[in-house]
Every structure is written in C-alpha cells, then in structure tokens.
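If you read the protein sequences in the order shown, they are chains A and B.
For the first sequence, counting from 1, position 214 maps to 214 in full-length UniProt numbering; every step adds exactly one.
For the second sequence, counting from 1, position 111 maps to 111 in full-length UniProt numbering; every step adds exactly one.
These aren't lab readings, by the way, just hints derived from the structure by calculation.
Each hint should be verified, as a subset may be incorrect.
Result set (PhoX-like, lysine-lysine): computed pairs, CA atoms no more than 20 Å apart in a straight line [as the list claims (entries may be wrong)]:
1) A:Lys262 with B:Lys103
2) A:Lys262 with B:Lys101
3) A:Lys238 with A:Lys47
4) A:Lys7 with B:Lys103
5) B:Lys76 with B:Lys227
Stretch by stretch, here's where chain A covers chain B in the computed footprint (C-beta under 8 Å, at least three residues) [said to hold, decoys possible]:
6) 136-148
7) 264-276
All C-beta atoms, glycine included, are put in the ideal place defined by N, C-alpha and C.
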Amino acid sequence: MEEKYAKRTFGLELLGIVLALVFLAPFYFLLNNSFKKLPEILLNAAKLPEAFSLDNFRRAWVAIDFPTVLMHSVVVTGLSVLALVIVSSMTAYRLVRRPTLFNKVLFNVLVAAMIIPFQSIMLPLMKVTAMFELRGELYGIVICYLGFGLPLSMFLYHGFIKSVPLEIEEAAVVDGCTPYGVFGRIVFPLLKPITMTVIILNVLWIWNDYLLPVLVINDSYTTIPLAVQKFFGQYLRKWDLAMAALTLSTIPVVAFFLLLQKHIIAGITAGSVKG
Amino acid sequence: MVKRKQWSEWMQQTVFVGPGLLFFALIILLPFFMGFYYTFTNWDGVDKADWVGLDNLTRVFTDDERFWSSFWFTSKFTVAAVVTTNLIAFGLALLLTRNLKLKGVLRTIFFLPNVIGGLLLGYIWYFIFVRGFSSIGESTGIGFFELPWLGTPATGFWGIVIVFVWQTAGYMMLIYVAAILNVPKELMEAARIDGASGWRILLSVTMPLIMPAITICLFLTTSNAFKMFDLNLALTGGGPGNATESIALNIYKESLTNGRYGLGTAKAMIFFFAVALITLLQVWTTKKREVEA
Chain A
1 MEEKYAKRTF GLELLGIVLA LVFLAPFYFL LNNSFKKLPE ILLNAAKLPE AFSLDNFRRA
61 WVAIDFPTVL MHSVVVTGLS VLALVIVSSM TAYRLVRRPT LFNKVLFNVL VAAMIIPFQS
121 IMLPLMKVTA MFELRGELYG IVICYLGFGL PLSMFLYHGF IKSVPLEIEE AAVVDGCTPY
181 GVFGRIVFPL LKPITMTVII LNVLWIWNDY LLPVLVINDS YTTIPLAVQK FFGQYLRKWD
241 LAMAALTLST IPVVAFFLLL QKHIIAGITA GSVKG
Chain B
1 MVKRKQWSEW MQQTVFVGPG LLFFALIILL PFFMGFYYTF TNWDGVDKAD WVGLDNLTRV
61 FTDDERFWSS FWFTSKFTVA AVVTTNLIAF GLALLLTRNL KLKGVLRTIF FLPNVIGGLL
121 LGYIWYFIFV RGFSSIGEST GIGFFELPWL GTPATGFWGI VIVFVWQTAG YMMLIYVAAI
181 LNVPKELMEA ARIDGASGWR ILLSVTMPLI MPAITICLFL TTSNAFKMFD LNLALTGGGP
241 GNATESIALN IYKESLTNGR YGLGTAKAMI FFFAVALITL LQVWTTKKRE VEA
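Pulled out of the complex, with its shape left as it was, chain A reads as follows (with noise of 0.2 Å):
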C-alpha cells in the first residue's frame, strides 16, 4: 500500500512537470529568439541560437525608449494605486461605520457599478475626458483609475473593515483622538493585510491596461502596452526586435511577481474569495 502511494505521487509529480514544461514553452520562445538574428528566426524558431547576443536588445531598447515609457508606466501606476488606497479606504471606513440612508444606498450604487463593462462606457468616457480637461494629463489618467477602481477597492476594504472592533477606536477618543486622527493613526494601519490585496490586484491591472491610456493619455503618457502596440503597427515581423522588445516589457511585471509572489498569491486568494 504504502508503495503504491509513493508511485502514484512520483506519477502526479511527473505530470506536473510536464504540465509546468507546456506552461513555459512561450517563454522559452520568446527568450531563445530575442537573442537570434532575423534569418535564424526564420530558419528555426524553435532551435536555441548559435551565439549569444544582446544586440536585438540595444535596438529594441532605443526603438520603444524604454527608459521613458517605463518610467510613464512606474509614475502611472503608482500614483493611480497610492491615491486608490486613499480613497477607497477612507470612503468604505465611513460606509461602514455611518450606515446612513445615503451611504447604504451609495454602498449598492457602488457595487452595482461593477458589472458595467469599460466598452460600455468608453465613449461618453472620452467626451467627459475631453470637456474638464483630464485628457493627455497625468492626473486625467489617474482620476480615471480612480474612478474605475473605487467600486472593487471600497468593497475589499468594506468587508474588512466590518471585522475592526469598535471599542479600540472609542478608547482613542476618550483619549482626545479627532475622527481624522483615529482614520489615519489607528484603523488605516489595522488595514494592512487588505492594503496589500488591493495594491496588489490594482497594480496588476492599472499596470497591464491597454484601452484606458490609449483613449486617455495616447501620446502624452506611453506606458509599455501602448508602446508595444505601437511598435507592432510599425515593425510587424521585425522579429529580432520584436522579440526583445516584448522580453524587456514583459521582464518588469515578472520581476514583480516573482520578488513578491508570496504576497500576491496570497492577496489574490483573499481578493477573489471576498470578490
């Protein structure tokens, strides 16, 4: 019996593998031809490259800017994810401890507004964009992930929030605490391991969006996804170039992932199960 068992794992663990192989087989494509040159690629994309070269990333480099349209998509997402963070927690702390009228009904306003798909609203979206002025600004972009992002990031912190006893914020205000103090130096920190869900779930999306910037900030702000759409309008089957380029702007949200996969992972699971 015992015997059987350890096989049987052995059997499971194999088709893991496989199953992992079959997973990464992309990368191993996009890697192994970012180093070849054009006439390798052709020849064989799936063979290894005959040397080693960085020269399709030195081009591909130049070709997007990629210094600049990082730094757009770094500045982009993080003030979009700190003023998020803000906002929501700030409106779902007082949702849930002043259940007026006003703000239950706010509350389901709030989450009702989440099956509104963004291509239902892009258009008009433009217009608003275009009439105060947010169009081709930074804090245009931002207002609009602010926007967007409020309904989800409220709810996360809405239901953890509900969990926070009451009786640690009356004692700070017998002690002489105001509203604000007791928000910002005693519930905000208390909020930590759903602060993290929500950086988490917003940078991943803020940071991958492709139909927000373009109709936002197009020219303005080139964040990568944009650049790379951009580079495949002109350089389609430059693959050499091609293949760099993706490598490079794939390499910043995989860094991110794998530094604090633990965290994610675990903040996703938190996300989806409350979601």
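Mind docking chain B on chain A? Use the hints.
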C-alpha cells in the same frame, strides 16, 4: 453644541466620502447616463449630436450583420473559453492539493502568465502561432502544428481560446486550491471509510462543498471572456475578414475607426445589457447549488 456636532458629522461625511463619490460620479455615472442619451443621437465624437430617435437601434437590430456575427463569435468564444479554462484550472488544483514536493514551484509557474497583460501575451503568442508552431511542425511532422494558425476563422477562434486559457487558468486554479483545502478532512475520511471511490468523493463531497468557488470562477471567466479585447486586438485584429471580431472590438472599430460614435454607443448599451443579463443569470443559477458543510 448640537449644531457643532452636526457640523462635524457633515464635515466628516464630506472628507471621507466626498472624493470617492465625486470621482465615481464623474468617471462612471456621468458617462453611463450620457451613453443612454448618445444612443439616440448621430454623435460624431466631437460636437455634433443631433437627436435621431430610434435610428441607431433600428439599424443595429435590422441592418448590422457584422455586429451580430461578432455577438455570435463572442458567445461561442465565451462558452469554449469558460469550459476549457475551468476544467484545466480545476484539474491543476486537484494536482496541487496532492502531497507533491514541487507544489510551490508548480503553482508559481501555472500562475505566471496571469501577471502579464493581454496585449503583450497576445503578441508573444502571435509570434508562436505564426513562426513557432510552423517550426515545430516542420521538425516533428505533427499535423496540429502545421495548421495555418490564425489564418482561418477556426484556427483564429481556437488560437484566442488557447491563449485565454493559458492566461486565466492559473488564476482560477488559485481559487479552486483555496476552496479544496477548506473542505473538512473528516468528511472525505468518512466517505472513504464508507467505501466511496476517489471519483465518488470528488463528485459527491468535494464538488458540492466548493460550489461558492465554482460560482466565483464561472463568474470571473464568463465576464472576462465576454469582454475580451486585448487578446483579440493583438492576435487576429478581428480577422480573417471579420470572422474573429469580438463585440468589444466591434464597438471600438465602429466608433474610433469609422467615426460613428452614436451607433457605437448604441451597441455599447446593448453590450451592457447583455453582460448584465448573462452574469446575473449565471450567478443566480450556480448560487442555487451552493450547500453548507
């Protein structure tokens, strides 16, 4: 004193809820209601927006084969993508809840594609379909790799399904793993002692108890598949012809390429009602099957 307290309450409501409410109203509510208005106009994306009554809706419903073929394509795609993604994700989750030594590494690998955006993944796979598959086909002679990938409606359809599954399965796997680990061990043990086979336990004990996870996964995959845009744009651009054009891409092209924003908005509103209906129906049907341990 009472006045001061009221003032302080009002102030707090404004400080805490004000910014969120303001930006939500500006970015979601306002465009949403404007959308209802523009549906009935010949809006050109700039200033012109004359009332045309039901013209747009009549046109979409009676004289827009391309929209309905994109609707049909999206529906077929959603069914294929949701079924495949969830079967594979559930299978991976069963594998990872066994006592494997490489569990942690495997989980990371299966999840990895999910952190990369749809547009980048689309272009990576575009290369694989166009150059990679043919290279494998030439050296191995396996017919599957020698198909004209992305060049025909069928290979375009399945090409997008493959990439969607590859991208999404790892995420759903995480949700299934969490749910399976939550099933009480005693229940499984009791069933085993009563002589139930592995399959029976899976179908009669595990599955009913993880119904909430199934609801979530079906909801997430259905709504993502139905709204699919980035993969579509990068992989096929809707082609060959318009054979693989999703609804989202159709709306995008109608407005940004053809400049018919009024018509595009009308389609976007129909799209909204379709998404709302499908997701509500789906959650309602799976919710009914949830049981408590």
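Would you pick out the hints that fail for this structure and give their numbers low to high?
Violated hints: none at all, because every hint is consistent with the structure.
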